[in-house]
Structure formats: structure tokens, C-alpha cells
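Peer 1: With chain A's structure known, arrange chain B on it following the hints.
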Amino acid sequence: MSSATMTAPREQKRHSLILWAGLVLVGLHIAIALLTFVWLPYDPTAMAGGRLEGPSLLHWLGTDRLGRDLLTQMMIGSRIALIVGIGAVAIGAAIGVTLGLLAAFASKWLDDALAATLDILIAFPTLLIAMLVVAASDTANLWSAIIALGIALSAIVARLTRILAKRVLVMDYITAARTSGSSWPKIVAIHILPNIWPTLSVNFALQFGLAVIAEASLSYLGLGAPPPNASWGRVLQEAQGTVYTAPLGAIAPGIALVSLAIGVNLLADGLRDTIDPTRRAR
Amino acid sequence: MLFVLLRLLPGDPANALLGVGATEQQIAAARAQVGSDQPLAVQFIGFLGNIARLDLGTSFVSRASVLGEIGNRMAVTLPLTFFGFLVALALAIPLGIIAAVRSDKWYGAAISVISQLGIAIPVFWLGILLVTLFSINLRWLPSGGFPLKGWANFGEAITGMILPSLTIGLVMGASLLRYVRAATLDVLGSDFLRTARALGASFPEALIRHGVRNGAVPVISILGIELASTFLGAVVIERVFSLPGLGSMLLLAIQQRDYPNVQGVLFVSTLLVLLIGFAADIAQRLIDPRLRGRARTLA
Numbered sequence: 000m001s002s003a004t005m006t007a008p009r010e011q012k013r014h015s016l017i018l019w020a021g022l023v024l025v026g027l028h029i030a031i032a033l034l035t036f037v038w039l040p041y042d043p044t045a046m047a048g049g050r051l052e053g054p055s056l057l058h059w060l061g062t063d064r065l066g067r068d069l070l071t072q073m074m075i076g077s078r079i080a081l082i083v084g085i086g087a088v089a090i091g092a093a094i095g096v097t098l099g100l101l102a103a104f105a106s107k108w109l110d111d112a113l114a115a116t117l118d119i120l121i122a123f124p125t126l127l128i129a130m131l132v133v134a135a136s137d138t139a140n141l142w143s144a145i146i147a148l149g150i151a152l153s154a155i156v157a158r159l160t161r162i163l164a165k166r167v168l169v170m171d172y173i174t175a176a177r178t179s180g181s182s183w184p185k186i187v188a189i190h191i192l193p194n195i196w197p198t199l200s201v202n203f204a205l206q207f208g209l210a211v212i213a214e215a216s217l218s219y220l221g222l223g224a225p226p227p228n229a230s231w232g233r234v235l236q237e238a239q240g241t242v243y244t245a246p247l248g249a250i251a252p253g254i255a256l257v258s259l260a261i262g263v264n265l266l267a268d269g270l271r272d273t274i275d276p277t278r279r280a281r
Numbered sequence: 000m001l002f003v004l005l006r007l008l009p010g011d012p013a014n015a016l017l018g019v020g021a022t023e024q025q026i027a028a029a030r031a032q033v034g035s036d037q038p039l040a041v042q043f044i045g046f047l048g049n050i051a052r053l054d055l056g057t058s059f060v061s062r063a064s065v066l067g068e069i070g071n072r073m074a075v076t077l078p079l080t081f082f083g084f085l086v087a088l089a090l091a092i093p094l095g096i097i098a099a100v101r102s103d104k105w106y107g108a109a110i111s112v113i114s115q116l117g118i119a120i121p122v123f124w125l126g127i128l129l130v131t132l133f134s135i136n137l138r139w140l141p142s143g144g145f146p147l148k149g150w151a152n153f154g155e156a157i158t159g160m161i162l163p164s165l166t167i168g169l170v171m172g173a174s175l176l177r178y179v180r181a182a183t184l185d186v187l188g189s190d191f192l193r194t195a196r197a198l199g200a201s202f203p204e205a206l207i208r209h210g211v212r213n214g215a216v217p218v219i220s221i222l223g224i225e226l227a228s229t230f231l232g233a234v235v236i237e238r239v240f241s242l243p244g245l246g247s248m249l250l251l252a253i254q255q256r257d258y259p260n261v262q263g264v265l266f267v268s269t270l271l272v273l274l275i276g277f278a279a280d281i282a283q284r285l286i287d288p289r290l291r292g293r294a295r296t297l298a
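So the sequence lines, in the order shown, correspond to chains A and B. Counted from 1, the first sequence has number 51 at position 52 by numbering that gives the first Met the number 0; the numbering is strictly sequential. Counted from 1, the second sequence has number 241 at position 242 by numbering that gives the first Met the number 0; the numbering is strictly sequential.
Next up, chain A with everything else stripped away, as it sits in the complex (with noise of 0.2 Å):
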């Protein structure tokens, strides 16, 4: 007892750090994302310059093979990345909490059955669930490959609902809400939604972070929106033939990617300390 609360400053100090750190990536790329709709260097799809040009001070991070900004469409990356997070994660949170408090309202056997279906979908990788659902699109837009990463994140978000809503339901002041007449919604509304709410919005900047991976794997495999949106994936795709002679081309929207992942898993550590203290002493 004595360590943990004389360690106690020094662990708080290192947990708001990791908060503001966090804070500081997210915020530079929604910065960016929203810079992009009033201003960009360059026009993104116009030949901006010559082809493969190395860092300039007309062209900061070069040009790609076709001659395009290659700084311009970071920046635009930011933007659907940005996009595909929120959609997504709004998605996956709409079927995904519905799913999972009806699963935790259901009788034992529709529970059992969704539980058990649950699991087996949350074995595939999301990204494979996703790649399904856009082939099931006829054509791929950003909005297929949205919708198709709200899908397989629903999963994710209803066995976590699942759990943490049966967690709240044996509770005592449950019983006591329905002994006085409360409806089922009025309690979910009530007692459920509030309790669970701060576990389940940090496992929501957890799955922002893996739909922004997600979607840049989507479009490096070619299924993801189509090329004039410039995401990250489709740009390292690219770039990936030319690595020799412009290496830049694939670094780069790698470094903006890997920021983007790392500051929203930042976020939500840090989100978890703060709504949940018992977590700290670990």
C-alpha cells in the first residue's frame, strides 16, 4: 500500500502525459483534415510537378510518379482517414451496442446463439470481414469500404456490450428500477447506457484506430475508394514499385499513418486512467 500511494504523483504525471500526447497527434491530423477543406498546396490531381522529384521547397516531401504533390495528398489522407474512423466507428457502434444489449435482454438460448456467433466472427480479422463486404458492393467507394468496416467492427462492440451490459444487469438497483415500475428501455436508457459508456468509449478510440489500419490495408489491396482520394494505403501502394529511386513515397504516408494509429491508441490509454482509477496501479 505505502509504494503504490507514494508512487502515486510520479504514475499520474506519466498518465497525463500520455493523455496530452495523444491529444497533440490526434489534434495535428484533425488540424490537417480540416485545413484541407479551405486550403491545399497543390491541386491533388494535377501534375503538379515532374515525376518522382525528390523534397523541394516548391514540393516538401517531392512528387510521385505521375507528378502529384505528394505532400498534398497527406494531407487529403488525413482527411479520409479521418472520415473512414468516425463513419466506421459510428457504424460499429450503432449495430454493434444495439446487438449487444439485445443479446443481453434475450433469453438464455437467442443469448447463447448470438454469443456463440459472436465469437466466431470476432476469430476473423476485421479487415477479412470488411474485404467481404466489399466485394459485395458492385463498385468500391469510400462509403462501401466505411460501411464495410462499421460491419466488422459491430462484432467487436456487440460482445463487448454484451459483457459489460450482463455486468450491470445483476445489479441490485437494477431489481429495484424494475420493482418500481421502470419500462426496460427507461433502464437501459437510465442505468445501462451511463454505466457502460465510459468502458465502451475507449474501446471506441481503440477500434478508430484499427478502421484507419484497416482502411489503408483495404486500399493497398486495391478495395478500397477509388483513386482520385488520395489514402494513405492507395499512396504506399504506388509508391511501393518506386521505393528504389523515391523512397519518401513509401515512408511517408507510413510515418502519417503509424502517427494517426499511435496518438488514438495514446488517447484511449489515457481516457481509461482517467475515467478508471482502479486501472492506474498496474
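Certain hints may be false.
What the hints assert, rightly or not - Derived DEER-like restraints, expressed as beta-carbon distance ranges:
| hint | chain 1 | residue 1 | chain 2 | residue 2 | range |
| --- | --- | --- | --- | --- | --- |
| 1 | A | Thr44 | B | Ala278 | 26 to 36 Å |
| 2 | B | Gln254 | A | Ile119 | 49 to 59 Å |
| 3 | B | Trp105 | A | Ser258 | 23 to 33 Å |
| 4 | A | Pro40 | B | Val211 | 32 to 42 Å |
| 5 | B | Leu273 | A | Lys107 | 18 to 28 Å |
| 6 | A | Leu65 | B | Leu251 | 50 to 60 Å |
| 7 | A | Ile85 | B | Leu132 | 45 to 55 Å |
Stated by the list, open to error - Where chain A lies over chain B, by a calculated footprint (3+ residues, C-beta under 8 Å):
| hint | region |
| --- | --- |
| 8 | 106 to 118 |
| 9 | 214 to 222 |
Worth flagging that the hints you see were computed from the coordinates, not collected in a lab. In this text, all values refer to a predicted model and were calculated from it rather than measured experimentally. Glycine included, every Cβ here is placed at the ideal spot set by N, Cα and C.
Peer 2: Chain B only, in chain A's frame:
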């Protein structure tokens, strides 16, 4: 379930077979040929019957046997998963234990931080970086590809496997490391370890005799999940290194709407995923006697 999911996909496979500009008659003929003009129930019963006979059908596109093709592809994907898994284990177990035991030292903390990085790195980017370093700058290893003759050309096949396995192993090892570290931390704070120490066992002795067994149980269930997802995640890695494995077969089949191939790959992967889960379950029971008496639970 798979069957229904796949048939729900819009886009008739017959269209994919013919391409744009086919006449109505040609489409009808192609449908009869692939059987997609029959009622779903008839298609489904045929599908079940075929699976029972271990016949996964023939590809719409190449007309080759799906099972045979899967077998060929497995010769790449299975060794790849296996080697990647070995690399991950070799990294994660010692480093995870060190990170936990020496969490107060700088290198313990450094290991944890680096493993955090490893989780955020997309696997294909790491692959490209490794290719840049080892094939382009150092020229030690091939950047990708697999000999046409397969494992008959053993030396070339092995060198082609090194970089992809390393990539998989590094990424998988990073996430595994966190679980090993957490499990070791749990063991370190346990009463039985303190008791063993009080009874005169040295610290490494206590950790090995009592710690490993206890720590292994949660790690094994994660191992099962990781192994399954590596196997399925091979899609991306095979693309980076242009390996002719199960993943590239699936990708191609999806692009061509070659349903028998998609279905076959998914069927075999689901089977493998379930088998791996089952094996992890049994391994846990062997290690932890307390689990043996319990009925199988759906965690």
C-alpha cells in the same frame, strides 16, 4: 451461414464470367452452367452434399478443382504462418517476461514502449520497410516471390519465406508481448510466488516452477486467437511479397466473383480457426488441472 452470406452479395457470378456486353442468351447459358439459375434451396442442398464428400466444387473462372487449388496455396500459407508464429514466440516470451520482471529498469520500460509502437504499425508498411532495408539497400534477400516449382526448389523457397515470416513475427510478437507481460505481472504479484520464495526457492526457480504454468493459461487463449488471425491476415502480407498463398487466392477470387473459390477458402479457414481454438482449449486444460473438471464454456 457462409453460403447464405455469399449468395447475399449482389452481382451474379455469371456476369463476372462473361464480362460486359454479353447478350441475354449468353447470360442465361452461363447461369445454367454455374448453377446460379436454380432456387437457392437447391443450390444449398447441393453445397452441403458436396462438403460432406469433401468436394468444394470447381472454380467458375479457371475450372480447376477448388480443393486442389487450396492445397497448392496452403503449401505457402501454412509454412508462412508457422514461421511467423515461431518468430513471434521467440520474441514475445523472453522479452515479455523481462519487461515485467524488470519493469522498474529502463530496458523493461523500453521494451513495453517499443511493443506499443509495434501494435500501431500496419503490417504492410513494416513489410515494405523490411524490403527496402534487406533487399534494396543490403541486397541480402529477395524482395518477394516464390519459386514456381514450390518447395522442390528448397533453397529459394526458404529465402523467399524469411522476410514475410519476419514481418508477421514482428507484428504478432509485439501484441503477444503485451499479454505475456501482463500475465507475468499477475504472477509476480501472486501469493503462491511469495510462498515459494518464503519456502526457500530462488527467484528464477520460483518463477519457472510456479510462474510459467500459471502465466501460460491466459496467454494460450490469446495465442490461439493470434495464430488464427495471422493465418487469415496473410492476405496482406502475401500481397506485399507477391506470394502465391491462400490470401492472394482469396483476393483474386473476390475480384473475379469466383464464388466457389471464395467459399472454399473461407470454409477451410473457418475450419482451421475453429480447430486452433479447440487446440488452445485442450492445451489450457492440460496445463491447468482446475479447468479439466469444468464443462466446456463459450467464453
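Peer 1: Taking the earlier hints as the rules, which of them does this structure contradict?
Peer 2: The structure conflicts with hints 1, 2, 4, 6, 7 and 9, although it agrees with all the remaining ones.
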